[in-house]
Amino acid sequence: MATATAPPIMVERLPRSRSLTPLSWDRVMPILMIAPSVVLIAIFVYGFIGRTAYTSLTAWRGVVPDYTFVGLRNYERLFQTEKFQADIVNTIHFTAFFLAGCLVLGLGAAVLLDQKLRGSILFQNVFMFPLAISFIVTGTVWRWIFNPNYGLNVLFHNLHLDFLQSGWLTSPSTALNSLTIAAVWQMSGFCMAMFLAGLRGIPEELREAARVDGASEWQAFRYVVFPLLRPITLSAVIILGHISLKIFDLVFVMTFGGPGYATDMPGLNMFITTFRQDLFARGAAIATVLLLMVALLIVPYLIWNLRGETER
Amino acid sequence: MGNERWSRRQFVSRAGKTAGGVVLGLSFADFLAACGASNAPAAGGGKLEIFSWWTAGGEADGLAEMFKIYKKNYAGVEIVNATVAGGAGTNAKAVLKTRMEGGKPPDSFQVHAGQELISTWVKAGKMEPITSVWKSEGWDSTIPKDLKDIVSSNGDVWSVPVNVHRGNALWYNKKILDDNSITPPASMDDFLSALGKLKSKVQAPLALGSSGNWQVQMLLENNILAAGGPDFYKQVFTAKASFTDPNVKQALSWIKSMLNYVNSDHPTLGWDDADKRLINGTSAFNIMGDWAKGYFTAANWVPNKDFGAAPSPGTTGKYVIVCDTFGLPKGAPDRANAINWLKVCGSQEGQAAFNPKKGSIPARTDVPASIFDPIAQQFIAEFKTDALVPSSAHGSATPDAFASGVNDEMGQFVINKDVNKTASNLQKLSDEFLK
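So the sequences go chain by chain: U and B.
Under our numbering, the residues of the first sequence are numbered 1 to 312, in order.
Under our numbering, the residues of the second sequence are numbered 1 to 435, in order.
No lab work stands behind these hints, which were simulated from the structure alone.
Please note that the accuracy of each hint is not assured.
Stated by the list, open to error - Quick look at which bits of chain B chain U covers, simulated, 3 or more residues with Cβ under 8 angstroms: (1) 90 to 97; (2) 118 to 126; (3) 291 to 305; (4) 393 to 407; (5) 410 to 417.
C-beta atoms are modelled at their ideal positions from N, C-alpha and C, and glycine is treated no differently.
Please model the complete structure; the sequences and the hints are all you need to start from.
Pasting the structure below:
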């Protein structure tokens, strides 16, 4: 991610004789190669985004499209609904805790594994495995784990740790945090892999030099290693951040947004509004808000990335 | 009415298969149509794609029985069973909408009678009337007029009812009631006092599985029927009466009282998990549609011996109908086969084969009651004399946009238990979607 390609600023000047023949094969070939994907992306990504945004400004309700223009009325109504207000709060809460959980656990595990102790390869794989599972499976498994009748609560009771029992998914105050635990379990391994790659990329000499200068292990980590991990951290935040903003499948299987609106998310709300309530225009409005939220996260990153590339 | 939850993979693979099936079906049908243009109508060949959410248990068995009859009468037609799992068909309906939008309708699909059919599909011009089939099959004399009315609009009939489920049923563990000398309560007061009596005897006297909230929505409509009677019920769900009416508030406060006696883990339980509590003896009562019966009998419980049923408290003489029907979408790829399918659905033979397995009662009144279990016999008798009202929770009385909004609202009510606020929010939904 950190090395995403950006347009090169120095274009190699072509020999004069070639540039005179405008249809030379060397010039046409690259355009032909790129054209299909440009056309496909233009239609299937940007075209559909445009159409969704347009739909969100219409009065389409029911299974027959109605493209009467109504301006921002759908957005106005949407932000007035209690459910969507809850969605926004839930998304922010979930994203914050999900990111914090993944980064802390991921970095912790990566630092431990980087000590190259015996068996670290094994644990490296063990931590990575959840990533190979889909959110649907994770959600189902954790729903069972949190089930009050045969899950964690029973385990705690048998271990005489009853004070650890909780309502988990059944209580509105704990459901969102329970959901976050499952999400962190799934994605912290991914974070670990990224940090581990980052750590392995930092030359040992740098730490060595810090130690020679009298830095303690912690200081060497804090002032040498940590700053060098910044680009990796940022990439991890971007990747995890857009996953958490768009989360759907995990919520769908674990709680379906309940109890009440306690774990409802914009993605789930969009699905229900569009396909169960048949409020297609309002669903499109949710999709557009969701896109803007993700853009808010991604665009500054892309700009920052682009600037970094051009400076290099 | 399978389990609420389902895996997305299952859904994707099924949807994929369905889509594939449709593409094949279409091209084959085109081919047939081209051949058949000069010949007689191409009966006895081609495909028949039936779309439903009957994926498991008795529902799937019942559907298979009807397929058997179809195959016997129309050999040579290949039946494509396109099902999508999910509680009360909520997921299947979403898939169906995308297919209909995309111009790839199945040959016939399961749809709840009432608004789900009329306001979603008929008003959108996506259906073909089946009035002539209705007449030629003589269904006027065998299917009650109340049922015909909710599948009709503008003088045309749009689908054929195969079964009738009852939404307002109270189920009880007979042993617990007998041990505590409680008779099945008829009024709400009796019910609440029975719950109070049992509170110290069983873990949670009333079993509730509210995952997805529609179960609470059923409590709401049953209680509105109990508080206001059938006329008020019909008025409030057609915006001719207000949800801030004392009857609705009474219905909500009854739910609030019931919630004092329910299991605390209800938000994560489905309706079947709730019924399991009756079998385990950790609960005595459950209010659920009559599909619960299938769950009990599957666990080898004997009707009227291990468990019993009564109309939900306060609704004696009233019948909340949840009615599955099949219709004919415009542009059905195998139209002739689809019409034959509708004839099987409406036939005495078809309904007699389907309903005992499905756990519902037939929409026709001439199917012999003797082939059914005692509880179904009791319901068949009541169906003939009771006041019939369509269910809102299951899409018959009101459009999906409203029902889904109420669903959310009931999820909130279970948490905040605020009668006045919920009533006024329900009225807002009525203003927005019912007027």
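Structure versus earlier hints, numbers of those that do not hold, lowest first: The structure breaks only hint 3.
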